[in-house]
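Q: Let the hints inform the model, and build the full structure from the sequences given.
Protein chains in written order, with the numbering used here: chain P, 109 to 264; chain G, 42 to 350; chain B, 68 to 828.
Since the hints were made in silico from the structure, they are not lab data.
None of the hints are false.
Computed from the model, here is a short list of chain G residues facing chain P with C-beta under 7 Å:
hint: 1; residue: LEU65
hint: 2; residue: TYR70
hint: 3; residue: GLY96
hint: 4; residue: THR97
hint: 5; residue: ILE101
hint: 6; residue: ASN115
hint: 7; residue: ALA165
hint: 8; residue: ARG171
hint: 9; residue: VAL254
C-beta: ideal position from N, C-alpha, C; glycine also.
If you want the building blocks of each chain, they are given just below.
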Amino acid sequence: MEHLINLRINGEPYEVRIKPNTTLVDFLRDKIGLTGTKKGCDTGQCGACTVLLDGKPINSCLVLAADTNGKEILTVEGLGRDGKLHPLQETFMQEGAVQCGYCTSGMLLSAKALLDENPSPGEEEVKKAIAGNLCRCTGYVRIVKAVLVAARKMGG
Amino acid sequence: MVRLGRSFTLRSLKSKETKVLTKLRDFNYLEPSTLPEALFLLHHYDGRAKILAGGTDLVIQMKQKKLTPEYVINLKKISGLDYIEYNGQWLRIGPLVTHSMVAGSPVIQKNFPMLADACLAVGAPQTRNRGTLAGNLCNASPSADTPPALIALGAKLKMESSEGERVMNVEDFFSSPFATALKNSEMLTEIKIPSLPARSGGAYLWVPKVTAVDETLVGVGVLLTLNSDKRCTEARIGLGSVGPAPIRAHKTEEFLKGKRIEPKLFAEAGEVSASEVSPRSRGDYRREMIKVFVRRALDQALGKIEEAI
Amino acid sequence: MSEYSAIGKAIPRIDALEKITGQAIYGDDLKFPNMLYAKALRSEYAHARILNINIEKAKKLSGVKAVVTGKDTPFLGGEALMDYPFLAIDKVRYVGEAIAAVAAVDEETAEEAIELIEVEYDPLHVLLDPQKAMELGAPLIHEKMHTYQRLAVIKPIENTNICHVLQFLKGDVNHGFDESDFFFEDTFTTQMVQHGAIEPHMAIAQVDPSGKITVWVTNDSPHRLRQDLSSSMGIPLKKLRVISPPYVGGNFGGKGGLKVETLCIPLALKTDHKPVKMVLTREEVFTSSLVRHPGIVTLRTGVKKDGRIWAREAKVIYDTGAYAEKGPTVCHQACVAAVGPYKIPNVKVDGYCVYTNKPIAGAYRGYGIPQVAWAHESQMDIIARQLGIDPVQIRLKNGVEEGDVSPTGQQKLNSVGLKECIKKVAESVDWSRPKEKYRGQGIACAFKNTKTPSGSSAIVIVSQDGTVEVLASTVEIGQGSKTILAQMVAEELGVPVENIIMAIPDTDITPFDASTTSSRSTFHMGNAVKKAAKDAKDQILVIAADMLNADSSDLMIERGLIFSKKNPSKKLTISQVIKNEYKAGLDIIGRNSFYPVADGETGGMWSAPSIFWMYGAHYAEVEVDIETGRVKILKVVGAHDVGKAINPFTCLGQIEGGMVHGIGPALFEEMIIGERGQVENTSFLDYKMPRSLDIPEITSIIVEAHHREGPWGAKGIGEMTVVPMAAAIANAIDDAVGVRIKDLPITPDKILRVLKEKGNP
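A: Next up, the structure:
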């Protein structure tokens, strides 16, 4: 049986019918066509599927899409505004925080949630904020730096 | 003599189910708007329904085919289940309170900091933002972080069904891995913690299995109460991930009761604790860690008491 | 100081924008009309005969379009030794081996169908220990091994489970031991670990009406895969097309060789031209893709009292799991490097590649060298301590230099940055400071070869408006190849990097490249694109010379502007030149095929001489908690000789990433095999890769020992960055608390056990 849900994704309203056994990550990727959110393990361990649900980072592979009725979702595609990149996106590029890119979407959103709550984090706090996002390529060094540089840019 | 290692490690555990579903099996999805309605559904579907709070345990287990509920009852349409209230005597936590909410609550940070610490030990931010304290207790993983802290704090759990309610000490809630005292028709609706007695200090310490963010290998929660003579009037000790279920270290508590705090006492307490546990894997190492961390936790608890004086 | 416009410039990656906006397309993002979804039924037995497979119920399930088993795929594939069936034929050899596959309208249906397939097995004896598997008389995992096609250099031992044996000899080790003052014998082991790329493997296969098979696949080597498919299926190359998705989410060697397409292609042959897609679950990646060879390395070493290594004998046993895959050549490369980057007059190396009923071991960052480096660098410190010589000094004393003969004797080494790496690392830390309690420092160095010979072709197309498109089959797996190849073309042609488009690898369009492996792309494809760009430039300059009335040898191109050195004020754009020459429209095509052969090469693939060697040194500082045995890594430093850093930014990223990657197998990672041969930890919960909170302070240093044949002197970097880390950590732990662990991973349990045995509190 399909359920009707109303939610906002990247600021846009959506009204959709979905089966309850659809996870949020599959809903976003397959039904809405936002493939920027990635699937690395599908069991809530790697964080590649991280999106913001009402501003908080969660693993979208473990959330039922039906459970997001009335919620606000932010994916990597919604980070920029009016054609401009979010400062985090700029610093990720400039600081070399991207290699294969598969963890990048999740990292950006975990970092954004951190900076929204704590505009001037220290290195340890940044590492804690991305502790749920696995990366095999970068060793996390430049990702942490990119977040700290973005914080300064944003006035933190 | 150092043991010559092998290039692979043999284990004689039973083999796990080797399939993780890509797509969840179909189920009926229910969203009651009141607690009595939810309890009615739970009762009505007797064993064929599962509660969805945060879903971090439920959804994984459904993907692993460990659970295949016909009905999933989402609690999140019910208002008023995400409360954290402290009236100076009892801290009451509702069933939809997440680990993030507990860790970030000023009331808990001030009055029950070891519970905040235990919640911060759970998973990663994404898991903590979603997973509920109640849900995690009901999942009853032997390596869960909050039970040892809750045991030390003397927490009580309220379980409700459409027939009524009952309250149980948290240490009695767990029996074996992933099994609790909850009946099919019951839901865990509140976690109650009494305020700390005067001259008390607590600590929750844990050793991860391997990496910094990881399941807990050994978890120790202690609440130490002293009298003005620096004697232990009460010790409550919860130990996690050292057997089939989290336990209250009764022998260690007995050992400490009435004794004067002096340098070797906590180390000896650690030895007693090590004799109370029965870990299966990495047994020797876990027992060693119990010795070390019971001692360190008691030291830290003592430090808190001395700070406050 | 820079005389270059693009080389050596730390520019941001050219693919970063796509990746940070979520627009980059990876394999799983590809969707085609009428696409079907595939799932595999995998063996629960590590070794068993298949008596019967009943697929009737599965075929009848509504929504199922095709079901295949080994009967549909009577082929064997493999690069070194062709022993690998697409689907199990007659028997299964590891838990997780694919027995059947289903294509259906959606994944749910495919998963349901898999559960309806019934298999009858006759279990056979399971061999999990490579040393037992090696014994004469052990049950055979591959009864027909002697009938498999193989590369000339591969030498299996008939009637055993040894699929390759090799030996290198130089001088006389026994004589050398007699002449030595000290003798050491140690055995070191490494565990089974996995690549851990965050993107799982996938493939989409489609067969067109002419019977041509197209595969979109997360493979690191499209042309090699095409060749493998052609050889195994017995179909000509023209019937096969391999396309890489625009981006691959991490590789580290795990996405090479025959993988998921072996299931999609047989299905696609039966689905009436509908494409068939399969994505491995993370669990399947753990059980059924590739792992790193667990290794047992024994070193017998004779040392003179002044610290010179006089003789070294290495016995290398690599456990290749159920199928050979790259095992024999991994063993080969490891054996060439097994005794370490040292001047040793007497050397003997014996290598064995052994079958067991475990997951398939294949290429993994380092290609067999992390395991031997673990051995030679650990033993170097054991030797240093015994002789009372400083670990840095003993390595400098023995380390190879420019012009030295390689340890196994096949070639003279050129471009040797080893000692500079060691010195730079030691200089960057306070190596000689007084020892602090429970803290220790460790250093390790190593060298790594590249597969030689190997070939890369490239085409550079300069369009009417000056846009440059590069056709090269190097896959952007995250290593930054797209960016540095563009920088090389930009430099050679004299145009801005922004004008360069890198084509997506597609075997119908981009010419042959051996593989995106072996750290070879900077050198091989780099040379190919450089020379192709020069070819295009030469053609452009001939035309421009005419237009400028100058000698083409006097002409230069800078920022897309052509002028004569003798008369720089008169400038033409590349666009003007091409449009003027071809008013009705045309472009300029430059090409090159690069196939370097090393001195001393004995012919054929996988010769011992390597066209270049990479050198590196790592340092680790640790603190050990003696009550818990837990090791905290405080700081690591890595210096790597890359020949020339085409992009220092991406080089440093590789060093940092490689060192953290190297910490994993040193302290955290281990795939645990159960009694039945099954992998116990098939998720990231139980397989522990380093996370953000596990990283120490990291310093990376680039060393440049110019290689005369490398593009602008460049060599390679990707694999070398993981190699020395484990030994550096072990050496630091020994320095800290006097505990020497010889089997990876180093765990708190092991350290605590030794501390207690030694009587520490």
